[in-house]
Amino acid sequence: MSRTWNWNRLLGVALATAAVSLTAPSAYAAKPRLVVYTYDAFAAKWGPGPKVEAAFEARCGCDLKFVALDSSVGILSRLKLEGSQTRADVALGLDTSLLADARASGLFAEHGLPTGRVTLPGGWRDRDFVPFDYGYFAFVYDSTRLKAPPRSLAELAASSPKLKIIIEDPRSSTPGLGLLLWVKSVYGDRAAGFWRQLAPHIVTVTKGWSEAYGLFLDGEADMVLSYTTSPAYHVIAEHKTRYRAAAFSEGHYMQIEIAGKLKHAPHPALADKFLAFLLDPAFQSLIPTGNWMFPVTRVALPKEFGQLVQPAISLILPESEIAAHRKAWIAEFVTALGR
Amino acid sequence: MTQMATRKLRRPFGTGISHPLAGSPWPGGIAAGMVWLVPLAAAAGLARSATGVNLSGVWHDPYIRGVLLFTLWQATLSTLLSVAFAVPVARALHRRGNHPGRRWFLALAGLAFVTPSIVAIFGIAAVHGHSGYVNQGLALLGVDGGYYLYGLTGILIAHTFFNLPLAARVFLQGLQSVPPETWRLAAQLGMRSRDILRIIEWPVLRALLPGVAGIIFLLTFTSFAVVLTLGGGPRATTLEVAIYQSLRMDFDIPRAISLSLLQVTVCALLFLCFGRYARTMQLAPSAGRDFSRPDTAGGLPAAAI
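Protein chains in written order, with my numbering: chain A, 5 to 343; chain B, 21 to 325.
Honestly, the hints are just simulated from the structure, not real lab data.
Careful: at least some of the hints might be erroneous.
Unchecked claim - Taking CB as the label site, the calculated pair distances span:
#1 D270/B to P272/A: 22 to 32 Å
#2 R149/A to V286/B: 41 to 51 Å
#3 A335/A to S44/B: 52 to 62 Å
#4 A196/A to L89/B: 17 to 27 Å
#5 A335/A to G143/B: 27 to 37 Å
#6 A34/A to L128/B: 45 to 55 Å
#7 L305/A to A288/B: 53 to 63 Å
#8 I317/A to S151/B: 27 to 37 Å
#9 W124/B to P36/A: 50 to 60 Å
#10 R200/A to D164/B: 52 to 62 Å
#11 L305/A to G162/B: 48 to 58 Å
#12 S214/A to D215/B: 46 to 56 Å
What the hints assert, rightly or not - From the derived model, a few chain A residues whose C-beta atoms are all more than 12 Å from chain B:
#13 T21
#14 D74
#15 A113
#16 D132
Being a predicted model, the structure only gives us computed values, none of them experimental.
Virtual Cβ for every residue (Gly too), placed ideally from N, Cα, C.
Produce the entire structure from the sequences given, and follow the hints as far as they go.
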């Protein structure tokens, strides 16, 4: 029976060691760690994340950690599930279409920052969230394949069925939802008729932006729903000028990306510092070629940005209307295209 | 496990091996409990924040009915195609043991299953898409292939791409496990190829078929990105999309749970149906007597499952 006694003893020692090591105070408590939830494209190595991290850590004496979640909707869902036990201090990369949901969740605290420097069309008066970049949705096309792009949504729907487009699904992607809101702000109650007219042009509706844009670059369609800033990437990074955005006369829908401080943030003072940093030129200057969107304060833009489509009309719907009707609008979209 | 609980420590005849924990239900029990704990805890956590899980409401919703029917339909067709075409592929691989490139083909077949969906989508679009190789070839012949990829065809092509290699490998392994004495007998009896198929290969494949078909069905039933992108739009919606929408976009947890329960129920029912037809396969002929492994404490003999 000495063998049994040895096994038990070994098990006891192992458990005791584990217990001691878990309860002992950590030796890594040197710098406070600011945890920022963001979407994966922001935190990726090829995104603005690494440069933002370097710039902020230089001035805050802290350790900035990005937690990459799969989308802006994913950020909000995760925060809702975590509730008051959240480890996050800041949520970076929510969308104005999610503004009402985010506010209603009660998880965000007021930022208390002056927003006079913000130069968004229409200004910014929200007290809970800070904008950090914005863009316009647009249909991007290959100018070598499509010589005369449509100049409005109406013209797009009425054009020959040979003109093919790829769009994203509003149920799973923010550009898809953006297109839905764009059509709603232009057509209102007549949106269902527009969708039915557009249906023969749609090659496919993809789960997310990457699939749609990739298929477009492979030549599967003439136009794809993307941003007015997408051509800038091709010009600056790839030196290709054939991809252009089509300017629509009804206006383009805006996507404003926002950040917010969590009410239950472990490091609220650091979170405030980070939100203030978002409006600082050190951060804003990284946006144009890092995130391929427009900055919200006055910083120098690369000269190629001057060639981009500048919408004459910026469209945006009030957050309460989006929150109240989104499900119904998506159902209308699905039914109209489902025929 | 219940059998082990009533057995005392025993030393199997002739081996002299014993272990202090050999008769104890604790190691297996704790391990099984921990494996069950993870999904149950996740489900309980989600259920705690859900009031009003309404399975019958979801079942009677015409939109969900339509989505469920489409999901079942595309999963059935995908499974049938994958399995039906895998049989001749497996037979061909088995008959041509020295064919050049066979090893590479098998290695690539193993990779096809784990290809990320976005990579597979772009690859299939590169071949079958509007600007793909097939359409370019057809254009040379003056035929316009159009956008045939985007629709049920595209879904079936993609699912077959993922699952046919898997099924073919499983069938090939089954064929390779037929003992050489059988082939010798077949040669002595002068069996033709169709007799071999009927008498030797078919029983092997029949035993493997329900398991493989079941797995492929479950995979295609829960397929998301491929169905949406190559399906052409909201017409091609699976239950996964509905669950994703209600959980991520609407944050409607009760509905997400109801839809998940519906999906699990349907899959479980189908799994049970397939399970009834699964038969055990003799991996190698033996005298038929069962014998326990020497390091077990009793219970089921080694070859029963």
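Legend entry - Ascending list of hint numbers which this structure does not respect: The structure conflicts with hints 10 and 14, although it agrees with all the remaining ones.
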